[in-house]
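Just so you know, the protein sequences line up as chains A and B, in that order. Quick note: the first sequence, position 52, residue 1228 per the working numbering, numbers continuous. Quick note: the second sequence, position 178, residue 1354 per the working numbering, numbers continuous.
In case anyone wonders, no lab produced these hints; they're calculated from the structure. Remember, it's a predicted structure, so these values are computed and weren't measured experimentally. Cβ coordinates follow ideal geometry from the N, Cα and C atoms, glycine included. Fair warning: there could be bad hints in the mix.
What the hints assert, rightly or not - According to the in silico footprint, chain B covers these stretches of chain A (three or more CB under 8 Å from chain B): (1) 1250-1259; (2) 1274-1286; (3) 1303-1310; (4) 1329-1340.
Number of protein chains: 2
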Amino acid sequence: TIVEVLRKETDRRRQLSGRKLLITAGPTREKIDPVRYFTNPSTGKMGYALAREAAEMGAEVTLISGPVTLDTPPNVKRIDVVSARDMYESVMEHFPDQDIVIKTAAVADYRPAVTFDHKMKKKDGEWEVEMERTTDILQELGKKKTTQFLVGFAAETQNVEEYGRMKRDKKNLDAIVVNDVSEAGTGFGADENRVIWMGKEEEKLPLLSKQDVAREILDRIVREIRDL
Amino acid sequence: TIVEVLRKETDRRRQLSGRKLLITAGPTREKIDPVRYFTNPSTGKMGYALAREAAEMGAEVTLISGPVTLDTPPNVKRIDVVSARDMYESVMEHFPDQDIVIKTAAVADYRPAVTFDHKMKKKDGEWEVEMERTTDILQELGKKKTTQFLVGFAAETQNVEEYGRMKRDKKNLDAIVVNDVSEAGTGFGADENRVIWMGKEEEKLPLLSKQDVAREILDRIVREIRDL
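Extracted from the complex, chain A is given alone in its bound form (with noise of 0.2 Å):
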């Protein structure tokens, strides 16, 4: 009935409410000079999806997002950043007193050892940039967590749900949602994606579109929650 429908629909507005959900989303850039930099094909749809239907639940949501080109979801507080270690100092400052932290972010786990201020001139033959690690922010935040419950992503091209399960497990995260990022038209860029829900339940969702995904995260987020 109507009735029914409209009051399923208020309890899912309310599902969230009262929780603080910080939200990273994007890609980072790593310099070398003012004009070159490394970086990887993240748009940040995925998150900001996250960001909204979080908003849409209740929760008090933190976006912390690179440099994409998206408009900030409604109700919801939004944090730029450009770098790797922007985006690790902006998220262990508002780590501590969150409820739920969903790791989309593809933070770049290299960066140039040396970036120069001025733009490089070219030269004859080859060039060799040293890269070094950056930290890896999720790992960190595994190891910091007391009551926060941790969601990690993870895009591979290769035997997904064996490293998806090994992150997990590694990085001390509650859940990690992973995507085949090989398969054309999902992940990266694209409005829809195909991912795995691997949390205490493992399960494989259809084709979706980010929206759609973002709720069947939120959705199981709460579920496992309640059943902590």
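Given the coordinates of chain A, assemble chain B onto it according to the supplied hints.
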């Protein structure tokens, strides 16, 4: 009078009629693996503004574009490319029968020497990325040009005029448009730009919207072609 204004506008709409104009725009992406690449902050705005304006002035415009999030301007034929190699091939294919060629694209000048089909797994410690030079498209066009009026763009952070003039002469260009990307609010990603026109004439333009910069540049091209 209104009649004069309308006549002027009508004249402007014919200034490039019958001319074939090739514009390149945006960044290129140079892959290390499916989720990591090397690029630059170009958003394509300057090139797209030129394409829009040139089409309004009656030109037959081909726009070869790296990955950007802009809409194709009306009456412009757009060709999408990703890497410097793609850009080179597309430009070389379309170059021979053009009247005017404007290279605004920020084509990567280096690319990883090796590209991996699958996402590289992180390892402990540092990582040397070997980079090799890409083909300098503008320099190739300078060597190959017959009757084309060839315009380059240069983004510099220091000695901007000196480097600009050097590039123009070394690459056999008819003109170069130089901007200082170290200045906040202009250049990469901004909606405004402060440029120096260096053709037969040299002139510092004031801070203008990119659409107005496009007009000023096309007016100067029309004038210098007429004076040839």
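Structure-based check of each hint:
no.: 1; hint: 1250-1259; verdict: violated (count 0)
no.: 2; hint: 1274-1286; verdict: holds (count 4)
no.: 3; hint: 1303-1310; verdict: holds (count 7)
no.: 4; hint: 1329-1340; verdict: holds (count 4)
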